[in-house]
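The listed protein sequences correspond, in order, to chains A and B.
Heads up: take any position in the first sequence, counting from 1, add 1142, and you land on the working numbering.
Heads up: take any position in the second sequence, counting from 1, add 134, and you land on the working numbering.
If you're looking for bench data, these hints aren't it; they were derived computationally from the structure.
Accuracy of the hints is not assured; some may be wrong.
Simulated DEER-style distance windows between Cβ atoms [claimed, not checked]:
no.: 1; chain 1: B; residue 1: Thr215; chain 2: A; residue 2: Arg1201; range: 16 to 22 Å
no.: 2; chain 1: B; residue 1: Val189; chain 2: A; residue 2: Arg1201; range: 31 to 37 Å
no.: 3; chain 1: A; residue 1: Arg1206; chain 2: B; residue 2: Ile141; range: 30 to 36 Å
no.: 4; chain 1: B; residue 1: Arg172; chain 2: A; residue 2: Gly1214; range: 27 to 33 Å
no.: 5; chain 1: B; residue 1: Ser164; chain 2: A; residue 2: Glu1225; range: 32 to 38 Å
no.: 6; chain 1: A; residue 1: Gly1158; chain 2: B; residue 2: Asp152; range: 48 to 54 Å
no.: 7; chain 1: A; residue 1: Lys1213; chain 2: B; residue 2: Gln143; range: 18 to 24 Å
no.: 8; chain 1: B; residue 1: Val189; chain 2: A; residue 2: Phe1216; range: 23 to 29 Å
Looking from chain A toward chain B, a few residues come up when the C-beta cut is under 7 Å (computed) [unchecked claim]:
no.: 9; residue: Gly1184
no.: 10; residue: Pro1185
no.: 11; residue: Tyr1190
no.: 12; residue: Glu1198
no.: 13; residue: Phe1207
no.: 14; residue: Glu1245
no.: 15; residue: Phe1248
no.: 16; residue: Gln1250
no.: 17; residue: Gly1251
We put the beta carbon where it would ideally sit given N, CA and C, even for glycine.
Given next are the chains, with one letter for each unit.
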Amino acid sequence: DTGVSQDPRHKITKRGQNVTFRCDPISEHNRLYWYRQTLGQGPEFLTYFQNEAQLEKSRLLSDRFSAERPKGSFSTLEIQRTEQGDSAMYLCASSLWENMNTEAFFGQGTRLTVV
Amino acid sequence: GQQVMQIPQYQHVQEGEDFTTYCNSSTTLSNIQWYKQRPGGHPVFLIQLVKSGEVKKQKRLTFQFGEAKKNSSLHITATQTTDVGTYFCAGRAGANNLFFGTGTRLTVIP
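Only chain A is shown next, with the shape it has when bound in the complex:
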């Protein structure tokens, strides 16, 4: 399967613990996006990378969230000191940015439950 893959698919953690998620984009894609989605809502933008550069981060995003894409391939999203409000589906998407006519391919997501 050469699509976007995310790991783990599910994560249950206790409040206050740190968690890290991984996203492997489609290999030739230079853009990588992280979104968060709660039930009944649209994907909420968190951050995106072009190659290894983090170009934008949501102003609404807490400092507890950090993302990296060190070699311009896979990316990790870390949440420190998790809170119950962090429970959501975390979606990663990638695209090939050659011009503005491009589609985003989504992974299956990581479902986080903070107890």
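Go by the hints and put chain B onto chain A.
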């Protein structure tokens, strides 16, 4: 910040009826994309519109981009049970990131 709103939030239709969802942006968009998310699934790309007033068709689906590039619509003719899911528009301003709308959840009653 950029906001993309969709109406209606929910729509129940009898199989065979038509369906339309509308998308409105607070800012002028460089392009707009539409995605479909089945229950329990992830968003899947349907189409992208770039030009002012552009209309594109995919079988029973018709997509339109407004003249001012701030609104868009998706119309499905003669809905089928396979059309069930949530439809999202996603707008991009300039070369920036993609902002998703609030979505319209479609239920088709057989």
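How the hints compare with the structure:
no.	hint	verdict
1	B:Thr215 - A:Arg1201: 16 to 22 Å	violated (41 Å)
2	B:Val189 - A:Arg1201: 31 to 37 Å	holds (35 Å)
3	A:Arg1206 - B:Ile141: 30 to 36 Å	holds (33 Å)
4	B:Arg172 - A:Gly1214: 27 to 33 Å	holds (31 Å)
5	B:Ser164 - A:Glu1225: 32 to 38 Å	holds (35 Å)
6	A:Gly1158 - B:Asp152: 48 to 54 Å	holds (50 Å)
7	A:Lys1213 - B:Gln143: 18 to 24 Å	violated (41 Å)
8	B:Val189 - A:Phe1216: 23 to 29 Å	violated (39 Å)
9	Gly1184	holds (4 Å)
10	Pro1185	holds (5 Å)
11	Tyr1190	holds (5 Å)
12	Glu1198	holds (5 Å)
13	Phe1207	violated (15 Å)
14	Glu1245	holds (4 Å)
15	Phe1248	holds (4 Å)
16	Gln1250	holds (6 Å)
17	Gly1251	holds (6 Å)
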